[in-house]
Structures are given as C-alpha cells and as structure tokens.
Amino acid sequence: MNSKGMQLCPGDLLQTSDGKIDREALKALAGQSILNPRQFDRRTVIAIAQLAAVLEMRNVEIDKPLDGKIAITAFFEASTRTRLSFESAVQRLDGKVLSVPDGQVTGVAKGESLADIGEMFNTYGDVVIMRHPETNSMDEIRRNLQRPLINAGNGSGHHPTQALIDWYSLLKWRPELCKDDCPEDRRVHLGIIGTPGSMRAVKSFLRLSLMFANSVKRITLISEMADPVGLDLTEPIEESPIPIDITNDVQEVLPHLDVVYVNSIAFLGDSYRNLDGRYKLDRSSNLKPGSVIMHPLARNDELSEDLDETEHNLYFAQAAGAVFVRQALLTAVLDRLDRISGI
Amino acid sequence: MNSKGMQLCPGDLLQTSDGKIDREALKALAGQSILNPRQFDRRTVIAIAQLAAVLEMRNVEIDKPLDGKIAITAFFEASTRTRLSFESAVQRLDGKVLSVPDGQVTGVAKGESLADIGEMFNTYGDVVIMRHPETNSMDEIRRNLQRPLINAGNGSGHHPTQALIDWYSLLKWRPELCKDDCPEDRRVHLGIIGTPGSMRAVKSFLRLSLMFANSVKRITLISEMADPVGLDLTEPIEESPIPIDITNDVQEVLPHLDVVYVNSIAFLGDSYRNLDGRYKLDRSSNLKPGSVIMHPLARNDELSEDLDETEHNLYFAQAAGAVFVRQALLTAVLDRLDRISGI
Amino acid sequence: MNSKGMQLCPGDLLQTSDGKIDREALKALAGQSILNPRQFDRRTVIAIAQLAAVLEMRNVEIDKPLDGKIAITAFFEASTRTRLSFESAVQRLDGKVLSVPDGQVTGVAKGESLADIGEMFNTYGDVVIMRHPETNSMDEIRRNLQRPLINAGNGSGHHPTQALIDWYSLLKWRPELCKDDCPEDRRVHLGIIGTPGSMRAVKSFLRLSLMFANSVKRITLISEMADPVGLDLTEPIEESPIPIDITNDVQEVLPHLDVVYVNSIAFLGDSYRNLDGRYKLDRSSNLKPGSVIMHPLARNDELSEDLDETEHNLYFAQAAGAVFVRQALLTAVLDRLDRISGI
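Chains as they are written, first to last, in the UniProt record's numbering: chain A, 1 to 343; chain B, 1 to 343; chain C, 1 to 343.
Derived from the structure by calculation, the hints contain no laboratory data.
There's no promise every hint is true.
Which copy is meant is left open, so a pair is good if it fits within one copy or across any two.
Unchecked claim - No farther apart than 16 Å at their CA atoms in a straight line, the calculated lysine to aspartate or glutamate pairs in the EDC-like style are these: (1) K20 - E252; (2) K64 - D181; (3) K217 - D308; (4) K280 - E252; (5) K69 - E176; (6) K64 - D94; (7) K288 - D227; (8) K288 - D258; (9) K4 - E309; (10) K288 - D126.
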C-alpha cells in the first residue's frame, strides 16, 4: 500500500471480466523472453494486469508458485529500485534469487563477453532478468542463453516490464479502459513529458499505449527536442489510429490532460542525463481536476514532493503495483500458473 | 560458539526467571520501529535477552518463525559484519532477505531521496533494517515508510541492536545482573574507553547501562576528550542514580573495573576516525582478576590479539551472541512469537 | 545443458560402477575443509564426480538436502562466475546463502583481520566458501574459523573445486578414465597451455591429473616461461609415474594431444595478468581429430569463439558441470548424503 496519494483497489480491475482471467493469453508467455513491448497485445497486457490484481489481493505464500525456481538478476547497470522489485517478486512467490547487484564492478572485469555470460547462466538459474547500459546487450547474451530472458532496461532500448506496471496502475485507476467499448467520456487524453527516443521507460509506455486505441483518445508528447519520437516508434505511431501531437508548450496543453506521464532521465549514447528539465510539475501547475500524474521513478526536480499528498499522485500507487506485475509475469514465463489456486 | 576466550551458557540466563520469558514485554514490540535505545526499559532488555537465550539453545529451523516474511537490509554505509549478522538472523528463522550491500554505490546514484526510498520499500518487504552515515536518515526514510524500521547505525546517532547484544553477553556472563536485588558483591564497575558523544555503539551501550541501576555500581568514562558524553546523554546521566565519573588516566582506573568496554571508531562530522587511540589493551595491561573486556568489533590496535586466549576475552562471546539477539528482536517486531514453540 | 559444442551424458559415468557410488569416500569429507587438491585421491575424485552425475540427472528439489544450512560466500576478490556457481549449487539443494560479493569494497575497509572475520563467521553460517587474492588467506581465516572452509581460489595458490569440475567433464567425456585398467588406446595425452606455477586453476588441474596414472599416458606443459611448474608441484611431478615434458612449441605438440587445457590468466605477486598470450587456439589450429579443448573460463583471446560450434569444444560442457560438482561437494562436506534418496 502506498503512503500518500491515490489508493487503488485491484478488485475493481477484476470485475471488468467477472473475475475471470484470460489464461490462454498468459499460457502463451510460458518459456518466452520478454524483450520489447512490441511483443504484447492489448489482450495480454490486460491478462497480466488481472493476474497482478489477483496476486495483490491475495497472500500467495501458501501457493508457493515459484518453489524450486531460481531467478538471476544480472544488473550490469546498477538499479536498486528495479533489482529489489524483481527480487521481492521472486521471493514472495517462494522462488530463489542469484543476485548480481553491479555487474560492471563485480566480475566481468576479466573482460568476459555477454555471450559467454549467457552460456554460464544456462545451468545457474531458470530465468535471467538483465539490465545493461548497451542497447544490443539482449541480443548478445541470447547468442548462447537458453533460458527465458526478461529485459529490465537496455540502454536507450526498452523497458517492457515498466510499461506493464504503468498500464496496471492506469487500468486499476479506470477499469473501463480495459473495455472494447470504453465510453467516450471515460477515454483519456495522455500527455507524456519526455523524449521517447532516448528514454526507454517513456518509449515503452508509449508503445503499449498505442495498443489501447479504444480507450486513449489522444496522445500529446511534450518535449524540447525537435524529433522526440525516435526510430523505434515512427512506424507504430504512423499506423496507430490514435491522434498524436507534439508540443513544447506545457502550459497550453496541461489543463486538457487526463494523464500526465513525466520522466527526465534519458540515455544518450553511453550515459544518463536529465532532459526536458524545464518542465517541472508542482502544486501550482495548472492540472485538470481529476487528472493523474505518473512517473516511473526515481525522480529529480521535474516532479515536486508537494504533489505527493494530492489526488493527482498516481505515481506512488504506480510504484506500489510494480512487485505484483513482476510476480504475474514471472509466474507466466516460468509456466507456473497452475500453482496459483482459484484462477 | 566462539573459538577462544570465555564460553557463556545461555541456560544460566533463563534460570533467573525459572525459564519463563516476559512475553508481554516482547509483544509490545510488535510492529514497532527500533530506533533509539531510549525506547527500551530494563524489563524489555531482559526479555529480549531471554528470548535470544532460548533461540541460542535451540534449533529453530523446525519452527520457521519468519516464514513468508521479507527483510530489507539497506546498508547505505557498507558493513559486512552487521549486514551479515542480520541476514543470518533472518534466514535462520526461515525469513527472506533483500540485500542492499552498498547503497552508496548501487543505485541511489540517481539522487533519489530517502523519503522516496521509504515509499518504495513499502511493497518490497515486511521490515527494513537500515544503516546510514547521516544521523537524521531514520527520520527521513520514515516520512513515507510504513513498515517497521530497525536502526543498524545512523551516523553519530545510535546503534540500539548493538547495545542489546552487549547486554545479552553481560547478562549471560553474570545472570544476577538481571535481578532487582543483585547482591552487592556481584554488582559491577563498568569502564568505557571511548567517546560516547561521537561513537554510536558506545553511546547506545552507555544508554542501556543506565537502566541497570540495581546492578551497575559505578561507570567510569575513559577518554581523551574534554567532554566525551555529548548532548544526547547529558540528561539521562544527570538523572541516573549510578555514579559516573570521567578520567583520562586508564592506568589508575583499570585495576578497579569489572567490565572494560573498548572501542576506537568514531563518527566525526562525515566520516570515521580512530579516537582515543592511545589507550591500548594487551596482556601487560593491569586488568583486575576476573574482569572482562567487551568490544563491538571490528577492532584496530586498541585491543591486542594477545588477549584473545585469556579469560578476559568476553568480546568473542559477545560477537557470537549477536545473531541470536537479532533473531529475538525480529521475531518480536514481526509479531511471530507464537511460532516459537514452548515459550 | 550447454548451448554449443560437445554434449555429455552423466549417465555414462555411473555405468562404470554399475550405478553404485563410493559412499565411504564421500563420508570421509564430512566436516572437512577443502583447501588443496592434494588432499584428494583418485577414489574421492571419482566418487564426487559420480555424485555430481546423480545430481545432474535428477531433480533434487524434492530431497532438499541442504535444508536449514547457511553457506557464506566470502569473495574478497570479486568473481561473479564462481560466486554464482556456488550460490546456485547451495540454493538448488535448498540451502541459504549469505553473500559477500566484493569483500574488498564492502566492509573490511575498517581493517579487520581475516582471523577476526573467521571468528565472526562461526555463528553466521555452516560452511564458508572463500576467494581471496592472498595465498596465505586460508591459513589466516582458519586461525579462528571453526566451520568447514572451501577454497574458491587463493592468490597463486589453489583452486581445488575447479580441478574437480575439470575432471568431472573429462570423466563424463571418457568414462573409461575411471578404471584401474583403462585400455591403452583410451588413455590420453594431456597438453596444458599455461604456467601452473602462477595459475592456480592450471596448477590444481595438473595436481589432480597426476592421480590418474592409469589413464593419463603423458602430460605436456606448453609455456613461455623457463620454469612453469613452480615449487608446489615439483615434488609431486618427480614422484609421478606419468611422463611429463615441457615445450614452448605448440605447433609441434598440438597434433598429438587428446586433451588441450588452456588458460591465460595468471596471478603474479599481487594482481592478474595474461601470460602465454601468444598461444591462441582457433579453427585453423592443427588439433588432433577427436581431441577436446578445456578452459576454466573466463576466456580472453587465447581461445577463439570460432571453436564454440565444433566438437573440440568441451569447455562449455565443462562449465555446465560446475554447479553439480559443487552441489556434490557441499552435500558431502555438510554431511547430508543421507538426504539424497536412492544412492
């Protein structure tokens, strides 16, 4: 449970399908690597969110769905937040963890290739969760890795599990967004402050949002950059029926947005920098009544703490859902749905 | 079991209360944060020590009292000794661990606030064990943290679990110290070589010692500093019925001390330094026969290895008790006393 | 299972003794520290390999042989590969791990002695697995450590578990090497590219190989150094009935070798360097048909990736066996053979 801001109820999300979960969509994930949000469709996103809701409402210790499974958390780029989130998910389900908190420091110093590291992981664990500063790292390790690989962030590439977490909180906040026939007045105008082309979390969130054409009525990108979209998304955006516009005038668009997604950390070439830093949200910002703010965290100055205790704060609830989405995904990938009773 | 020095028997400690443990005092710790030794009283210290004694004598694997619980060990200041001690305690009781071995390096690099980190921990674990170089860190993280927090050392602040460990070894060594009517000839003269004002372990040990007015007959502080006490303890010392004096002449006082507590590592402003380094104990020191030396470890030159094989060495037994005290405290804080059979 | 190269079948190794394992040899390891390959004999090496084969073929989660045991992985020299291999072994058998991924950084900064660290470990865990850059580190920590210690590499000293892993893969590859009466045409000519005197993995492999006088018909050391052998092995080599020669002409000897063991990482004084770097193996090397290449990994330029997909590649199968050998050894040292059903 989050300490401040909006409190979400996972039960509401289950009512949209009379408590039934689309097991078929989840079964299709068994043994799969999760590399790019492109590989999902709307049906799968909703199924994962619904399984996460079940897990959030229930004490799963009794089921012990990952009993006997070992997950390797290989963080070649340190991230306490994401690493612990995955490790908590694994352990809550009674799986075990082999942790590489900082692969840059602790061992690949001998210059071992990612392909050789992938070979090594084959007998060490049952699933590999990797973050790496290089965008092509996922391809590299998969040259020899035979276990499912979960991309926990690769350079300026993707961050698919973050995008699932983002949509989990959106769907809990407004369950009608799941529906094929979402009522017109419940559809949302999404605003994204950031540069999808060089911010993987933002890019993956946008990619998933494009799948919800029935419930997202417009997307506005707010960025200082001339071309914030980047190559990966040019085509999906062109093909999407959702109207998408780009602006650098946050004041003008802010009062129209139902959802404001903020992030400032960008991967440029080989390191992280803050971009779009002149867009700062605080209590004086002209937010639409009833609108919500999302942020993948960690935050810098772009999002003021003075918003924490307002109803615009969806970002704490968003963070609080992360462990459950990762639990759901790991259960599906490791083919242990059958161990969760009553779904 | 320690390899050298005095061997203590936990059973002796239980006989002082006919094997009965003060469950009520322990129950009061359920859900509490453990921040400052000030929050304990003598009764609680003895109850924790007695539960530790039970756990030390018994194989608790069968009970699995922390089954399903996750502890986060968040060490923003690296300390292998203290971190592993807590992690061993958690795992011996069948709990699980999310480990942050070096928070300075691995992740808060993005400049995340402690308040945001506390928010993150809410869904990751059930209890947070934190060490931090800043004294106000415990207040900071508790702005959003809703889980019990155990202070494993905060700057020049406190180290309450170390103080409990210290008293556990004293009470095992001389169980009469538990009693309201400790006989006059069994009461002890404590000497503390160090500067409580800037040494948190020493400060917390002194704070707890002040609660044992019936069994501590005198406390002598031995320090090079003009005012070794510091602000935190000025008032408790004034209010205590125990006579307390300060000296810089270790030669004069040493032959009178029943217990000599040594430490040299001080936190000064923003880093660690060795203080009071001219007081060195070795076999040639004029120690009272039957007296014992305590040290929270790690040690430097202030305590010679040539004392290890003498009966003055209580410090190895002290270290050996650490895991059991932390087991007892975690069991109480996580409200799992009922899982330990037969107490 | 390895992704490329030779695929080995552990069942073949068990058939050499009609599926029977020499329990007596394994029982003798209970409570023992594993410091130097010298402490093994051929019978014990084969027994460990056979237990590893059983574990490789079977899902041991059901047996949970290390339930309730805690292993401390104390890596004072970082090595992700070796540390994770041990931690995977412990967890696959349902034991628990206290991990020190990088002891140089995280805690011994206070200057604590290895002897004091050994004392600390007595109550934290049930077995200590240590890697350390100093050759005398194992003796140092054992001054106070009362738990079994497993040497995971000490300076230019030894690496006994790596040697067991090497021989496990050799024995799976050619099970007749187990036999007292290995047929003449199945006996092998071993070539070792490297400098045993300053390469602990190479040294330990050579030491174990000397025990197989019935199945190794010749050993050739290929090194640039004038005296590659070093003091530790001078005597065992002199006493061995196996003919041993030294050359720096790899071209001349390569076509005669049945097994080529390669490594280039040497410990010289106080750090690691690449030695014998001018010997590079690749597809153009004049390897004997049917011969195999071994490498303890991580590799550098001395072993080309273009050999990975050939039948000479035994090194991936060798790496894949590591976890099982360590499982077997830990089960024996922690006296839990009785928990493994049906052996």
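Going through the hints against the structure:
In this assembly of identical chains, the alpha carbons of K20 and E252 never lie at most 16 Å apart, being 42 Å within a copy and 71 Å across copies at closest. Proximity of K64 and D181 under a CA criterion of 16 Å is satisfied in neither setting, with 37 Å inside one chain copy and 50 Å between copies. Taking identical chains as interchangeable, the C-alpha atoms of K217 and D308 are never at most 16 Å apart, the minima being 27 Å within one chain and 52 Å between chains. Taking CA atoms no more than 16 Å apart as the test, K280 paired with E252 passes inside one copy only; the shortest distance there is 14 Å, against 65 Å between copies.
Within a single copy, K69 and E176 get their C-alpha atoms no closer than 36 Å, and across copies no closer than 35 Å, so neither meets the 16 Å cut-off. Taking CA atoms no more than 16 Å apart as the test, K64 paired with D94 passes in both settings, with 5 Å inside one copy and 14 Å between copies. Proximity of K288 and D227 under a CA criterion of 16 Å is satisfied in neither setting, with 27 Å inside one chain copy and 58 Å between copies. Taking CA atoms no more than 16 Å apart as the test, K288 paired with D258 passes inside one copy only; the shortest distance there is 7 Å, against 71 Å between copies.
For a Cα distance limit of 16 Å, the shortest separation of K4 from E309 inside one copy, 5 Å, qualifies, whereas the shortest one across copies, 56 Å, does not. When the C-alpha separation of K288 and D126 is checked against a cutoff of 16 Å, the pair qualifies neither within a copy, at 46 Å, nor between copies, at 36 Å.
The earlier numbered hints that this structure contradicts are 1, 2, 3, 5, 7, 10.
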